[in-house]
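S.K.: Take the sequence shown: its position 112, counting from 1, is numbered 112 in full-length UniProt numbering, and each next residue is one higher.
Careful, some of the hints might be misleading.
As the list claims (entries may be wrong) - Once the Cα atoms are required to be at most 30 Å apart in a straight line, the calculated DSSO-like pairs of lysine-lysine come out as:
{"#": "1", "residue 1": "Lys115", "residue 2": "Lys43"}
{"#": "2", "residue 1": "Lys237", "residue 2": "Lys207"}
{"#": "3", "residue 1": "Lys106", "residue 2": "Lys205"}
{"#": "4", "residue 1": "Lys237", "residue 2": "Lys249"}
{"#": "5", "residue 1": "Lys98", "residue 2": "Lys31"}
{"#": "6", "residue 1": "Lys116", "residue 2": "Lys237"}
{"#": "7", "residue 1": "Lys113", "residue 2": "Lys140"}
{"#": "8", "residue 1": "Lys113", "residue 2": "Lys335"}
{"#": "9", "residue 1": "Lys257", "residue 2": "Lys115"}
Think of the hints as simulated: they come from the structure by calculation, not from any bench. The structure presented is a predicted model; accordingly, all values stated were derived computationally and were not measured.
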Amino acid sequence: MSVARTPLRDELGINPEQLYGTEVENARVEKARVKRLAATLRKDFNSLPAPQNEYEINVPEKEEADDDHVTALREEDAGEQEAREQHQRELEQERELKRRSTAVQKRLPRPSKVKKVLIHSAVNEIADEMYRMLEHDLVKYPVDDGKAKKSKKRKKSSSAVTVPQLQQFSDSEMEQARQMVQIEASLCGVNDVWKSQDTLVLGAKWKEVQARFLCKADGEGKAGGVAFQFATSIEDKLRAVQARFSELKETEQFLTKRAQKLDERSRVVNGGFYRRSQQGMESLRDYMTELQNATIEQACFENLSSLESQALQSRMTRLANDVNSQQLLEVKLQKQYAALLQEQQQ
């Protein structure tokens with residue numbers, strides 16, 4: 001049984017258009033196909049349900065809603081949430097900053113090392129509390145003295161130091177304590193003494209006190225502490241000056257060694273640039289020497305040119321005078337020759 005040939009006028013479009021019989025037949029078939037498609041489309045449209053214009057209006061019971069309620073119902077987006085969290089973090093940081101000591105808040109000078117024997121007070125509890133506060137601030141908020149970076153081992157050892165714990169107080173308790181201290185200071189008249197002094201007078205007094213030297217007191221402080229007093233005798237002042245000189249000398253040696261190390265390191269790191277700069281400086285010196293010589297030669301040639309120009313004018317004038325005198329002499333001789341010739345002929 002052989003496979004039958006697909007008819008030319010198939011409606012599925014299996015055969016290509018070039019297999020159709022003639023162009024007239026193709027046009028007729030295409031027109032019939034378009035007509036069938038239009039009839040099918042019209043039939044499908046007629047089968048659609050008729051449109052219905054139905055709507056319902058729901059009137060809310062309360063036209064005016066509370067703004068707070070609407071805000072609570074509205075969902076918070078990511079930007080608002082991030083802004084709110086950032087504001088909360090800033091408030092928390094501000095509260096944390098207010099809980100710190102005044103020296104840390106105002107970035108006042110603080111000691112880089114704390115020795116308990118140097119802290120003395122009439123009351124031992126106050127001295128102990130002062131030592132704990134200084135140690136806590138030193139460990140938790142280290143002093144940035146601008147020194148070189150520490151080694152890795154030193155970093156590890158410093159990071160392993162535990163922060164001393166202090167008794168925590170609420171903000172209201174701290175504010176109440178500040179008020180009590182202020183009241184006590186006002187009752188004792190401390191504020192009046194400071195306010196009555198002029199700023200210039202206080203500054204001069206402060207400089208005067210800072211210029212004075214300290215020495216160790218004769219008696220030991222309480223609880224093994226060390227007490228200091230202003231040096232009054234010449235020997236104490238001399239020892240204080242010598243100690244200060246030794247300290248400055250050690251600092252100078254340290255800075256000198258540090259500068260030498262930095263210089264060596266910079267030479268190692270920037271050795272190529274250093275050599276190139278030296279070569280450039282030598283080339284620049286050679287070029288400057290050549291430029292100076294060329295400038296001197298140019299000045300000499302310009303001077304010679306001006307002298308030659310002046311001498312040339314005088315020489316040209318002299319030669320012109322010589323030519324004129326020679327011409328006059330020749331004219332005179334010609335006249336004499338003519339006279340002699342005429343005399344000979346006669």
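S.K.: Hint by hint, say whether it matches the structure.
M.R.: Do the hints match the structure? See the list:
no., hint, result
1, Lys115 to Lys43, "103 Å, violated"
2, Lys237 to Lys207, "17 Å, holds"
3, Lys106 to Lys205, "23 Å, holds"
4, Lys237 to Lys249, "18 Å, holds"
5, Lys98 to Lys31, "91 Å, violated"
6, Lys116 to Lys237, "25 Å, holds"
7, Lys113 to Lys140, "13 Å, holds"
8, Lys113 to Lys335, "125 Å, violated"
9, Lys257 to Lys115, "28 Å, holds"
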